[in-house]
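Enquirer: As given, the protein sequences belong to chains A and B, one line each in that order. Everything in the first sequence is counted per our numbering, starting at 10 for the first residue and increasing by one. Everything in the second sequence is counted per our numbering, starting at 10 for the first residue and increasing by one.
Treat the hints as calculated values from the structure; they're not laboratory data. Heads up, some of the hints might be wrong.
No copy labels: a pair is met if it fits in one copy or bridges any two.
[Stated by the list, open to error] Computed cross-link-like contacts, PhoX-like style, restricted to lysine-lysine with a CA-CA straight-line distance of at most 25 Å: (1) 287 x 16; (2) 48 x 18; (3) 287 x 20; (4) 45 x 159; (5) 69 x 134; (6) 128 x 336; (7) 131 x 93; (8) 171 x 329; (9) 287 x 45; (10) 287 x 159; (11) 100 x 140; (12) 213 x 20; (13) 370 x 213; (14) 287 x 309; (15) 105 x 287; (16) 336 x 20; (17) 171 x 20; (18) 201 x 159; (19) 171 x 16; (20) 20 x 357.
Note that the coordinates shown come from a computational prediction; the quantities given were computed from them, not determined experimentally.
There are 2 protein chains.
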Amino acid sequence: MKIIILKEKLKEGISIVERISTKSLNLPILNNILIKTEKNFLNLISTDLEIGINWWSLAKIEEEGEITIPSKVFSSFINFLPNKPINLTLKNLNLKIDCENYHTSIIGASSEEFPIIPKVGKTEKISIQNKIFYQGLSQVVDIASSSMIKPEISGIYFLFQKNLITITATDSFRLGEKKIYLDPVNNINISKDYSFILPQRTAKEIINIFNEREGEMIIYFSPNQVLFENLFLETPHPEIQLVSRLIDGEYPSYQEIIPQKNETQITFNVNEFINQIKSAAIFSGKTNEIKLEIDPLKNKLILFSQDQNIGEYESSLNAKITGSPCKISFNYRFLLDGLLSIALSQGKNSEATLDLINSDKPGVLRPVDDNSYLYLIMPIKNN
Amino acid sequence: MKIIILKEKLKEGISIVERISTKSLNLPILNNILIKTEKNFLNLISTDLEIGINWWSLAKIEEEGEITIPSKVFSSFINFLPNKPINLTLKNLNLKIDCENYHTSIIGASSEEFPIIPKVGKTEKISIQNKIFYQGLSQVVDIASSSMIKPEISGIYFLFQKNLITITATDSFRLGEKKIYLDPVNNINISKDYSFILPQRTAKEIINIFNEREGEMIIYFSPNQVLFENLFLETPHPEIQLVSRLIDGEYPSYQEIIPQKNETQITFNVNEFINQIKSAAIFSGKTNEIKLEIDPLKNKLILFSQDQNIGEYESSLNAKITGSPCKISFNYRFLLDGLLSIALSQGKNSEATLDLINSDKPGVLRPVDDNSYLYLIMPIKNN
């Protein structure tokens, strides 16, 4: 193997694949990156057996070959090199790296020991703008349950219906739902509805890897795997492919718990509410409970919290209120997460609404300027 | 007690005193800040029994009084308030805080339980520009030994001789020494030499607290304590006072180990050497050893490192070399710390020299443009 590639390009590829080359004690080969030539491309591959990532870049391939190299050593060393062409040469199982006045030899392992990344059939697929996909996913990804007692809600639920993707996550205390409409021109071949539950870790890796990338994301469906791919703009060769296993099981039919009406609606500035919740949180004690008192006559939402060891808190938020007066308690963390997710997509100074029925029924947050997102929160019941 | 003070001012004061109000389980009162009025000043006080900090600010004092309040709750809450006047009112042992639409009551504890900060006599003192003092201290503070086996080298040694301060730290593997010359006009009253060993933690707090502050620092000497004080520019009242206990014992007479000559001198760019050491470090194994080979004929310094499980490293640094050829090994961490400390004070693109005698004798780093600082490193001896 003999490859010449620019430092910045190689560094970019390593940064994409190294994230999932884990510190695995049982299977040390998983700590390695597989480096191989493929025609005039350099191909880097990593896997943790749940997720597999491929990255390709055009490079000067003077001699073909393949080897696996510990990702941490490879990555740390490449980072220090000057932004010049790097020569990668295989000598037995050592990878020689030469770049200006730096000369190194890293001990590798045979590519035969490296697990095979499963192939996903390329018949059924959808295409979506990268940016729209990761922004939508970011709004729900953190809501999924961290407990494995109900594995189906530990993942993110994707439902594809014609030109609509619905992305949902819940931990049974709150639920976030994001709808994304697809460009019908690029998606004329979808023969039926698809759905799958994606592990939360995969969703987080997708956000990290495809974040800030322009272009199109292609999603390929298969019964037990899903493949996310983004394409070079110039060539038909993909730049990154991410294959992930899916979570078995049926996602709860959550639609019935989303209230279809409200008795009280509060419209407020997201940033101001976030600030008051954060300060009320200091006095919310172990239960994380903050009380809201909504008075339509005063157009004010009053926040209370109390901890017998610390003290008492009260503040008032200017708000536009329609409907009946209402008192309700929430876990401040869940309320805050929903508002932060709205602030993330709409900006901190945007407005949002909170719809309530009574103190026992879930509340629903929605951005004023975006009806594609909702965040539902269960109240704390005080009986 | 009834005080009115601007949020930003109060926040600044809390941020200075809260750093040392520790999570002390044995003496919970140490987690509190003492708040008291002193004529037309608000005074905040904290201590961990080793260090005591006083902070003063002019405020509108409508009623005198004092109380202690848990620092974490107080600090977190004040941070969220709008930048408006804050009303602090004492009601029994509760501190009421009112600021616009925020109303809070924090449970406090009587000031009688709070430890007394020791007083330091104000006769013997020196005066130095704040900025010069903390910059000099920053260059040696991290070198002190973290082990308590020899308590005297766990601290920073200060020697005051007429108009010269020498600040030294060592952990027996390396030693840093900084000399600061005082303005004689402001320091005519020093009757004799003084020296003390300051705990490393106090030194770090001084850097954190006085960092970025303009004006003069006054240091008052007493046998078991030292007082650092900075003054309001407008009034004779100090803004901050920090009292610290000192470390008992005699500092080692280190002057004799500093080589008075060299056989080889290498002059190099600090940033380039740092970069090569960091990349050589990846291959330096458990011993952290990197080898330097100095060849005056080629004007090159060659770096080698090797780890039998990872691989081999070699790079070359362009340098101006005078004297004899030399081979020597160092622990890369110690070499790096010295270079980073020079980069901190002189800028990354500055030049420095490394003076060597032979492979068994300590090396000495010095910035080319600043003869007030030296950093000595013991070599790794390979026999």
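Enquirer: If any of the earlier hints don't hold here, list their numbers in rising order.
Expert: 4, 5, 6, 7, 8, 9, 10, 11, 13, 16, 17, 18, 19
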